Amino acid sequence: MTRGPVLVTARGLTRVHGEGPSQVRAVAGVDLAVRAGELVAVMGPSGSGKTSLLRLLGGLDVPTSGRVTVAGQDLSELGPDDRARVRRRTVGYVFQQLNLVPLLTAAENVALPLELDGIRPRSARAAALGALADLGVADLADRFPRDLSGGQQQLVALARALVGERRVVLADEPTGALDSTTGDEVVRLLRARVDAGAAAVVVTHDARVAAWADRTVFLRDGVVTDVAEPGDPTDLLLGTPREASW
Amino acid sequence: MSVRHGLLALLAERPAGAYQLRQEFERRTGGTWPLNMGQVSTTLDRLVRDGLVAPADADGDVPRWTLSPAGHDALRDWWAAPVARTAPARDELAIKLALAVSTPGVDVRRLVQVQRTETMRAMQALHRLRVEGAAGADADLAWSLVVDNLVFAAEAEIRWLDHVEARVARAAATRDARPPAPAPRPATAPADDETAARR
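So the protein sequences, as listed, match chains A and B. Following numbering that gives the first Met the number 0, the numbering of the first sequence begins with 0 at its first residue and continues without gaps. Following numbering that gives the first Met the number 0, the numbering of the second sequence begins with 0 at its first residue and continues without gaps.
No lab work stands behind these hints: they were computed from the structure. Keep in mind that a hint or two might mislead.
[Stated by the list, open to error] One side of the interface only, derived from the structure: several residues of chain A facing chain B at Cβ under 8 Å:
| id | residue |
| --- | --- |
| 1 | Q22 |
| 2 | W211 |
| 3 | T215 |
| 4 | A227 |
Bear in mind that the values here come from a model prediction, so they are computed numbers and not experimental data. Positions of the beta carbon are idealized from the N, C-alpha and C atoms, including for glycine.
Please construct the entire structure, taking both the sequences and the accompanying hints into account.
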C-alpha cells in the first residue's frame, strides 16, 4: 500500500539505566521514523536494547535524552496521565508476556483499554467483539485466559492491541511462544492491519517474522548497526507463477 | 539433481519437444534453474545414447521424445532414492567466515552483520514474492514450494549467522577472562637466602 504520514518518530533516543561504573546504555542515540502502512522489524541479540526501544516508543518508559513523537504528539512534553491517554487511544502494545488479566474474559480483556478511556461498557464490548472477529476468534469472547491455548491468548492480546482507532502497533516477540503456523497467522493479521493504514514496530529474534516487514533494523548495544530493506527478487528468482504450458 | 532426471520426469508424463521441455522445466522449478536450448539438446542426445529416451512421433516439423522402458526404470529409481548429502557444496560464505575467524585483523562481527543484512533483504524480497504469488488465482504449487525452499534457506543462513556471532563473542570473552600466565619463579627464593644467612 502507499505509505502515509509518519506516525512514530524517535530522535537521538537514549536510555541509560543505573549510574557510575554500573551504568548501562540500553538505547544509545536511535533515530527512527515509521510511516502509516509500514511494518518495521527490530532484531538483535539478547540485551541489544530491542525491548527498551519499544517501551520508549510506546511511552511505557521515559528516555534519558532524545524524543519520541507518536501521531504528532511529542511524548516528552506530556505528563504521565497524558502519556497514558496516548497509549490507550493511539498505541496498541503486545507484550512478550501477553499480560492478559486472568479474571477477565477475552472480550473483557480486549475492551479494557477502551473502558479505561471512558467508553461506555456496551460500546467497548461491541468494539472488542469486532476486534476478536477481525482476527477470526469471536468464539473465544467469553472464555477466560486459563481456558485458552498459547496461540489463542496471543490472538486475544493482539485484538486488545488493535481494538478501537489505534494507528500504532508495537509488538514485543509476538510469536515467541507460538508454533510456526500460529505465529505466521499472527504476523499475517498484523501485516493486514498495517496494510489498512497502521504503523507497526515488531521486536523479534525470528527472521521469518522480520520477513513480513518493510524494513528490518538491527540493534547492538543500543545502537542501530544496520537496516535491511527488501532486495530485488529478480536477482534471486527468474520465474513467476505461470499457467501450465501442458 | 541433474537436468537429466528433470527431463526424464517431464517425458514420463508425455512426449515433448526440446523447446517445450525447456519451458516446462523452468516453470516447474520456479525459474530458479534456467536452461538454455544447448543444455536441453545435449542432455536429450545423451539420454538417447543411454537408451533412456527414444524418438516419438513428431509434432509437425518439431521432433519429439518419449521415455523408453529403461528410462521409466531410471526415473523410478531416482524418485525412490534420497538426494545424497555426503558431499556438501562449497559455500562461499562458510569458507569466507572460516577464513575470517582465523585471520588477524578481520572485523568478524561487522562481516556477520553485513551478511545478515544482505540475507535479510533477500528473505524479505522472497517472502514478498511468495505472498504475492500465493494471492494469485492460479497459485502454482510447484513454484511456491521452490520459493519456500529459498526462504527457508535464507532463514537458516540468518540463524547460522546468529550462531556464528554468539560463538565468536563467547570465544573472545573466554580469551579475555583467561588469567595471565604466571611469572617464572626465580631460581632461588629470597626467603631461603635469608634462612641460609642466619645459619
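Hint-by-hint comparison with the structure:
Violation of the interface hint for Q22 (chain A) is found here, the shortest Cβ-Cβ separation to chain B being roughly 20 Å, above the 8 Å cut-off. Taking 8 Å as the C-beta cut-off, the interface hint given for W211 (chain A) holds, the closest approach to chain B being about 7 Å. The restraint placing T215 (chain A) at the interface with chain B holds, with a minimum CB-CB distance near 5 Å, inside the 8 Å limit. For the restraint placing A227 (chain A) at the interface with chain B, the shortest Cβ-Cβ distance is roughly 4 Å, inside the 8 Å limit, so the hint holds.
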